[in-house]
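Listed in order, the protein sequences are those of chains A and D.
Those letters in the first sequence? Residues 6 to 248, per the working numbering, in order.
Those letters in the second sequence? Residues 15 to 301, per the working numbering, in order.
It cannot be assumed that every hint is accurate.
Listing some non-contacts, in silico: residues in chain A with all C-beta distances to chain D over 12 Å [unchecked claim]:
| id | residue |
| --- | --- |
| 1 | Phe13 |
| 2 | Leu16 |
| 3 | Leu198 |
| 4 | Ala203 |
| 5 | Ala225 |
| 6 | Gly228 |
Pulled a few chain D residues facing chain A out of the computed Cβ check, cut under 7 Å [said to hold, decoys possible]:
| id | residue |
| --- | --- |
| 7 | Asn139 |
| 8 | Pro141 |
| 9 | Leu143 |
| 10 | Val144 |
| 11 | Met150 |
| 12 | Met239 |
| 13 | Thr242 |
| 14 | Thr266 |
| 15 | Leu269 |
| 16 | Ile270 |
| 17 | Tyr275 |
| 18 | Trp279 |
| 19 | Cys284 |
| 20 | Pro286 |
| 21 | Ala288 |
| 22 | Trp290 |
No wet-lab data here; the hints were simulated from the structure.
Owing to the predicted nature of the structure, the values given are computational and were not obtained by experimental measurement.
Every residue gets a Cβ at the ideal spot worked out from N, C-alpha and C, and that includes glycine.
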Amino acid sequence: MDDIAAWFRWLHQTSGIKLTIFYDSYDRSRFLEGFATTLKLSAYCLILSLLLGAFTAWLCGSKIAAVRRAANGFVQLFRNTPPLVQLYFFYFALGPLLPKVGGMPLLGSLGWAVISLTLLEAAFAAEIFRAGIEAVPRAMIEAAESLGYSRAQVFRLVVLPLALRVTMPAMTNNLVNLVKTTTLAYAIAVPELLYMSAQIWSEQVNVPEMMVVLLISYVAIVGIINQVMQWLEARLRVPGFGQ
Amino acid sequence: MSKYYVPARFDVVLALRLRPEQYARADRSSGGSLFTARTGFALLAVLLASVAVAQVQARDLSVSVIELLIKWTPLLAKGFLFNLLISVMAMALGTAAGLLLGFARISLLAPVRGTSWVVVQFFRNAPWLVLLFFVMFLMPFELHFGGVTVPFPDWIKATLGLALPIMANFAEIVRGAVQSIPTAQWDAARSLAFSRRQTLWKIILPQCVKRMLPPWMNWYAILTMATTLASIVGVSEVMTITGRITAAEARTDLLIPIYSYVLLWFFLYCYPIALWTKRLELRYAER
């Protein structure tokens, strides 16, 4: 670790490339905190949006027209308005309405970012789930029914496993988009990767270096997600389908 | 932010996969065009309800929230039009650059293919906001060409920053569309003595237009929504103006109505595009 720090210090002295995050412990801790916040924000939103998305997809197939329409309205509303305006709406317009507990707001900027991004991603996830369920061939369901499966069994043992596999590529896309969208939280001062990097570059005046680090960080996160999802897809592949 | 586009490499993993028209079908089964009006009205109702609530809370104040919204509408409209201007310019730039990059992706020269792959992956996977910062900070505010000084105001830089992800994504659309045309078309053109360039321009691309149009429109809607990001890097567009209005009026009862108002504007612009996109997808898929 010391060797790495020494090398980057040497790099700064000889070439002027100033990567303080490698030798300044304060900058490093800020950067790592930002990284951790981005991952945390993504993880919270991923889990919550999958649950809410599945629930919304289920509501979209409801027998009651009003429920169906409301669920559809939610999906269309969040898909067709700017995510940044949604975030501002939650943080600046709804935020002040919440009661304060001991002088502190009930929900901080991170909380509002989680809520706003979860709703946005849930709208997209709902659409994917719905398409996935519809992509399961009718004949398979009929075959399962003729084998004496109950409706719940058909859903749990036939439709869901197939639908999940079908939606995997779209879900990977969605997850990547989620990680990219967490940068919006910068606008409401959530200490995520972009925000922390901006703090570092405004103090150390090393914009180009931090920019490169930032871009590499995001491309790396996205690359890892793609690899993991691809591996998962290969593992979950249904024998007899595809190549 | 495309939710439609599934990278080509996934195609081999599963025979069952999502196709854009499946999204479209899912939507058609649950409403259709009537639904447009309904959702719009529902939104309006929410807005009006929030205005009404604000009205009740603000009985003692002299100016009502509705009057405030009307008063600031011209300014907001100006800001919104600026967003649309940025979106159109970024789309034009991104499409032109993306077409070239798409050709590079299907080049016969391996180094060109490889380099363009890296470029596409980079700009597709980097967050828009980070790219925007990248262009804002690292581009000079003016350039000297000989004796002429060309200024680069913030909004031009923001337009360039927004065009980058569009370029990369459109390149993938071009590549996907060209590869979806049967090889027999290339062979037939070759046997008729068309050069590769002629084949591409006169035979392959005209057939691609139909396939490229729906995802292209989808990206335009995404771009339009992303223009609000320009406010974060200091361009005075509709979100900046909204922030200034709320600061100037200093009325907490105005916050929900004004943000709903801006949301509504974007919705009324983007939702018809989304519907139209789906209709085109459906029409082309049925053939």
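Quick rundown of the hints versus the structure:
no. : hint   : verdict
1   : Phe13  : holds, 21 Å
2   : Leu16  : holds, 20 Å
3   : Leu198 : violated, 9 Å
4   : Ala203 : violated, 8 Å
5   : Ala225 : violated, 9 Å
6   : Gly228 : violated, 7 Å
7   : Asn139 : holds, 4 Å
8   : Pro141 : holds, 4 Å
9   : Leu143 : holds, 4 Å
10  : Val144 : holds, 6 Å
11  : Met150 : violated, 10 Å
12  : Met239 : holds, 4 Å
13  : Thr242 : holds, 4 Å
14  : Thr266 : holds, 6 Å
15  : Leu269 : holds, 4 Å
16  : Ile270 : holds, 4 Å
17  : Tyr275 : violated, 10 Å
18  : Trp279 : violated, 9 Å
19  : Cys284 : holds, 4 Å
20  : Pro286 : violated, 9 Å
21  : Ala288 : holds, 6 Å
22  : Trp290 : violated, 12 Å
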